[in-house]
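The residues making up each chain are set out below.
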Amino acid sequence: MSGYRLKSGGRIDRSKPLNFTFDGRAMQGFAGDTLSSAILANGVGTIGRSFKYHRPRGIYAAGIEDPNAMLEVVDGHGREPGLRAGQVHLVEGLQARSVTGWPSPQFDLVSAATRLMSPFMTAGFYYKTLKWPNWSWYEEAVRKAAGFGAPDGTVDGRQREYRHASCDVLVIGAGPAGLAAVSSLKGSGRDVVLVDHASSAGGALRWEAAQIDGSEGMIWADKVVADCQADGGQVLLNTFVTGAYEGNYFTLIESLVDHRGLKAERIWKLRAREIIMATGAVDRPLVYQNNDRPGTFLSTSVRQFISEYGVAPGKRLAIFTNNDSGYLTALQAAAAGMATPVVIDTRSAPSAAHVEAAREKGIEVFVQSQVADVVGGRGLRAVRVVDQAGKIRTVSCDAIALTGGATPMIHLAAHRGAKPIYDEASASFVCATLPKGWHGAGAATGSRELADVLAQGHAAGQAIVATVNSAPVANVALGMGDVVPMWQAKTGSAKKMFVDLQNDVKASDVQLAAQENYISAEHLKRYSTLGMGTDQGRTSNINGLAIMAAATGREVAKVGTTTFRPPYTATRMGAIAHHRQNDGFAPRRRMPAHSDHASNGAQFEDFGWQRPDWYTKNGSDREAAVGIEMTAVRTGVGVFDASPLGKVEVVGPDARVFINKFYVSNLATLKPGRIRYSVMCHDDGIIFDDGVVACVDDNFFLAGPTSGNAETVGAWFERWRQTEWPDMAVAIAPVTSNWAAIALAGPKARDLLARLSPDFDISGEGFAHMHFREGTIGGVPARAARVSFTGELQYEIAVPARYGQALMQAALSEGADLGAVPVGMEAWLRLRLEKGYLHLGADTNGRTTPLDIGMGGVVMKKAADFIGKRALSLPYNASEGREELVGLKPVDAPIKIGGRILADGYAQIPCPSIGNVTSACDSPLAGNIAMALIEGGSKRMGEKVKIYAEGKITEAEVCSPVFVDPQNERLHA
Amino acid sequence: MIVLNCPYCGQDRHEEELTYGGEAEIIRPLEPEEASDELWTEYLYFRTNPKGTHHEQWCCSGGCGQWFKVARDTVSHDILEVVTFDKRLSA
Ligand SMILES: [Zn+2]
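The listed protein sequences derive, respectively, from chains A and B. Once you know that position 808 of the first sequence is 816 in my numbering, the rest is easy, because the numbers rise by one and skip nothing. Once you know that position 54 of the second sequence is 93 in my numbering, the rest is easy, because the numbers rise by one and skip nothing.
Since the hints were derived computationally from the structure, they do not count as laboratory data. All figures in this text were calculated on a predicted structure; none of them were measured in a lab. One thing to keep in mind: the hints can contain errors.
Just a few of them, taken from the derived set where beta-carbon distance is under 7 Å, the chain A residues facing chain B [stated by the list, open to error]:
hint	residue
1	Y253
2	E254
3	G255
4	H690
5	R729
6	Q730
7	D735
Quick list of the computed label-pair ranges, beta carbon to beta carbon [claimed, not checked]:
hint	chain 1	residue 1	chain 2	residue 2	range
8	B	G104	A	D705	22 to 32 Å
9	B	D125	A	D705	25 to 35 Å
10	A	E631	B	F85	28 to 38 Å
11	B	S129	A	N707	17 to 27 Å
12	B	I65	A	D735	48 to 58 Å
13	B	E73	A	F615	39 to 49 Å
14	A	S968	B	E64	39 to 49 Å
15	A	S968	B	S129	54 to 64 Å
16	A	A737	B	E64	18 to 28 Å
Computed list of lysine-lysine pairs in DSSO-like fashion (alpha-carbon distance at most 27 Å, straight line) [stated by the list, open to error]:
hint	chain 1	residue 1	chain 2	residue 2
17	A	K669	B	K90
18	A	K870	A	K947
19	A	K669	A	K679
20	A	K952	A	K897
21	B	K90	A	K444
22	A	K323	A	K504
23	A	K877	A	K952
24	B	K90	A	K427
25	A	K231	A	K194
26	A	K566	B	K90
27	A	K194	A	K277
28	A	K399	A	K498
Note that the Cβ used here is the ideal one computed from N, Cα and C, for glycine as well.
One chain only, chain A, in its complex shape (with noise of 0.2 Å):
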């Protein structure tokens, strides 16, 4: 086949000619080209190979309904591996690239080795060799086969942004239904948005011969969109709306394209309180044998790149038609000068006024017919029209256009739950009834005459407001005409006979489904692979159904549709991700120190704060460093940053009460001044925090949730008080940021607090392990906490934020001579491990109860209820043989965090498993030490257990998971 432009028309700028490449090949458009029309005008057939039986395959469609044309694109702004031409706007210095067929689409060397495998990827391909022979003989020739592109891994240099807004009236599709009812709307005060996803306004006016209220139909389009925008209305072209959601919130994407490509994308999510939904159809192709040839292109897409483009998709045309509206494409292709074309009708009565306007051309028609086959490969050189008396006749063309119908675009009002409807008048599926607020118009709801869009518009405006606008009128020489349903032609082998493009599912797979007895709509789907594509089946799901329908002796309407979900149509994940990424992922968290940290080298990590994870100061790589700050904790002094630590205030006067309920430990004795570790469940029995809860006095408890639920609990706290204790008198404050919090961590310590001038009596007896003191430090007010994560003599003193930066820089300025050392977050996690002490969410899971971690004595001691008590005594979590926390010491080899612990018993995998290692690490003290969770752990100790992890199994045995200090004499020095 060879497209060309043609010598005049269509809506592009002759003047401003733009060089682009396809495949290498240098080629030229226009301006107001879309890649497909300048591929076409280049005379090119095959664009690339089909998905599993690599057959050649060209443009299709002008639109993101065709199925084929799927092109890597590179322009000013980035590559993007997979596009559908129709949607990308031509620049100066595209590079277009075919993602399938190798070495190219013309030559395909697959193509030769998957013919001789045809019979292997019919429907039920997937399904079935998953279970039998053997998937793994498929897999690398089907991956080799699938996909449309792959990704570079290159960031492209687009734009991307937010953008919240609400209006009263959104009007989807700048058609003429949609132009309608913004003009009936006009005056009416209604703040409307309007939105298409063409660079121009007026949808099918763009390109079919109508006039409305007395002017070309472009001419008025202009005109409402301008009045519109006069009054106040917002157009948004080049933008997709992807979804509809509840409460009338739209997500829609808008294209920002400039000289050199798409330049950034702007993604909407807009609330509506009425909708129009005028978006529009999309031409139903007719189902024959080898339907499938380079040169085969919907009808009305035909009309589309003549009208708009200026560009003839081949030299002789043959059109393919059951309804009135392939005469359209006909005249159309006559009137700009190509060859005259011929209609193949498959009606016996088609209109009059079509076929003498056709033949007052010149143009041939044959009626009753339909085509029986094609003659070419990767062009189409010729058709083989079957009459009704099963005559054949060889037609000669490069192209054919085929319209069987229009399918509507409800998908919007589906993802909304709007059921489609098998509407006989129209053969298509529409919506019957709309979500609340939204009006239908146009061919979305399955009209085809131009004055009854043009009403329907109208009316939906109408029935938002009743203004003094009357309706336009519409006036067209040859109208759309009523469909006669042929589904699939009666002459030829299924086999060859395409259904879905680019999947290439066949009218034989339908068929082979319906055999195997995949009826449903849903089940044919997933079955045949039928418009599961990047098309979304826009051009194949109904023929599909229809297939399906007449294998099973069932009506259309009987087998339904699939489910319609959001996107409309592809979308990159770049729009929706946009500026999630390094910086724009979250706002990042800083501690008041923070600059110190990063003068000391700290290499910071990411826990929800930003937190040193070791210093370069203390050593040149990570092993070293945190082999020194471990060694200042346990031998000097380490000077740790907690400010991230929970802190969350529980003040009245049944404070002590209400926060009792939500420890596991007793908190009704804890005396003011003292601090009680404890962990905290849910209902169910499941830890979900540990920290330490100081008693300041009667009315006031200070709880030190962990720095990752933070937030968590203090809203935990929230909500129980609300819901189940609000007559409780007790308030909380969550007041994490507004203290900074440094620990002072080691042996000198205590010598190191003196330092800092606090006002109160710090001495081993004064201050001893677990106790809690108000008062100042350096002379401002600080709340000070012994208490240990790291076995040693530890302070954990918080101060106002606004002095936390001082207060590490005096800590370390004044720990100098002591050996003072600021310590990050892996020597203080290695630390805790040395001791034994859990780390919530690492050695805890979703499972463990306080039960599983030895806290079985503290729960039966306290007899009031908490939450989480009762659940504690539930058959399950009482039972013998659950996950409990145990140390591990290496037999053999060191131990790996994440290793899985064989059953008993087992010496190879596969094989059951008992738990896994939760942390690990090399301790200066200790040497390799390990936690682990196995199943009835607390009486196994001294076992042998053996651990798979990265490939290999080593032996470890199960000890006490505190590994240094057993006596705790660190602990209380």
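Dock chain B with the ligand against the given chain A, drawing on the hints supplied.
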């Protein structure tokens, strides 16, 4: 995307400003130790999951921080009723 009018602060709150808290009017037995395993399991895990009117807990977490109750149609997402937490839903 749901919009709820918070019965405490009176503002329309968008789904992103709200926190969902599961089914409403789940009673925590007052005497947990007296409750049978069946009753406690029922309280912990069993929910009605209706197709149609569902009673729900929501929190105005991006606003005033209060928990309240909502009757919502799980098919249409229509909001049928919103009440403060001390009230029972009638829808
Ligand atoms: Zn509120």
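Okay, the hints, checked on the actual structure:
1. Satisfaction of the interface hint for Y253 of chain A is found here, the shortest Cβ-Cβ separation to chain B being roughly 5 Å, below the 7 Å cut-off.
2. At about 3 Å, the closest approach between the beta carbon of E254 of chain A and any beta carbon in chain B falls short of 7 Å, and the interface hint on this residue holds.
3. Below 7 Å, beta-carbon pairs count as interface contacts, and G255 of chain A has one with chain B at about 5 Å; its hint therefore holds.
4. The restraint placing H690 of chain A at the interface with chain B is violated, with a minimum CB-CB distance near 9 Å, outside the 7 Å limit.
5. Look at R729 of chain A: its Cβ only gets to about 10 Å from chain B, farther than 7 Å, so that hint breaks.
6. For Q730 of chain A, the shortest C-beta to C-beta distance to chain B is roughly 5 Å, which falls under 7 Å, so the interface hint holds.
7. The beta carbon of D735 of chain A comes no nearer than 11 Å to any beta carbon in chain B, farther than 7 Å, and the hint placing it at the interface is violated.
8. The hint said 22 to 32 Å for the Cβ distance between G104 of chain B and D705 of chain A, and at roughly 26 Å that hint holds.
9. In this structure the hint that D125 of chain B and D705 of chain A lie 25 to 35 Å apart at CB holds, the actual value being about 31 Å.
10. Separation of E631 of chain A from F85 of chain B is about 51 Å and departs from the stated range, judged on CB atoms against 28 to 38 Å.
11. At about 39 Å, the CB distance of S129 of chain B to N707 of chain A disagrees with the hint of 17 to 27 Å.
12. Distance hint check: the CB atoms of I65 of chain B and D735 of chain A are about 19 Å apart, inconsistent with the given range 48 to 58 Å.
13. Range check, E73 of chain B to F615 of chain A: Cβ separation about 43 Å, and the 39 to 49 Å hint holds.
14. Separated by about 47 Å at the C-beta atoms, S968 of chain A and E64 of chain B satisfy the suggested range of 39 to 49 Å.
15. At about 58 Å, the beta-carbon gap between S968 of chain A and S129 of chain B stays in the expected band of 54 to 64 Å.
16. At roughly 25 Å, the beta-carbon separation of A737 of chain A and E64 of chain B lies within the given 18 to 28 Å, and the hint holds.
17. Using a Cα cut-off of 27 Å, the hinted pair K669 of chain A and K90 of chain B is violated, with the two alpha carbons roughly 35 Å apart.
18. Among the hinted pairs, K870 of chain A with K947 of chain A is consistent with the structure: their alpha-carbon atoms are about 24 Å apart, no more than 27 Å.
19. Note on K669 of chain A and K679 of chain A: the hinted pairing holds, with a Cα-Cα distance of about 17 Å set against a maximum of 27 Å.
20. The suggested pairing of K952 of chain A with K897 of chain A holds, with an alpha-carbon distance near 9 Å, which does not exceed 27 Å.
21. A hinted pair counts as satisfied when its Cα atoms are at most 27 Å apart, and K90 of chain B with K444 of chain A qualifies at roughly 19 Å.
22. Under the criterion of a C-alpha separation no larger than 27 Å, the hint pairing K323 of chain A with K504 of chain A is consistent with the structure, at around 25 Å.
23. For the suggested pair K877 of chain A and K952 of chain A, the alpha carbons sit about 34 Å apart, so the restraint of at most 27 Å is broken.
24. Distance restraint check for K90 of chain B and K427 of chain A: the Cα-Cα separation of roughly 17 Å lies within the 27 Å cut-off, and the hinted pair is therefore satisfied.
25. Note on K231 of chain A and K194 of chain A: the hinted pairing holds, with a Cα-Cα distance of about 12 Å set against a maximum of 27 Å.
26. Taking the CA atoms of K566 of chain A and K90 of chain B, the gap is about 24 Å. The hint holds against a cut of 27 Å.
27. For the hint pairing K194 of chain A with K277 of chain A, the CA-to-CA distance comes to about 25 Å; that is within 27 Å, so the pair holds.
28. For the suggested pair K399 of chain A and K498 of chain A, the alpha carbons sit about 13 Å apart, so the restraint of at most 27 Å is met.
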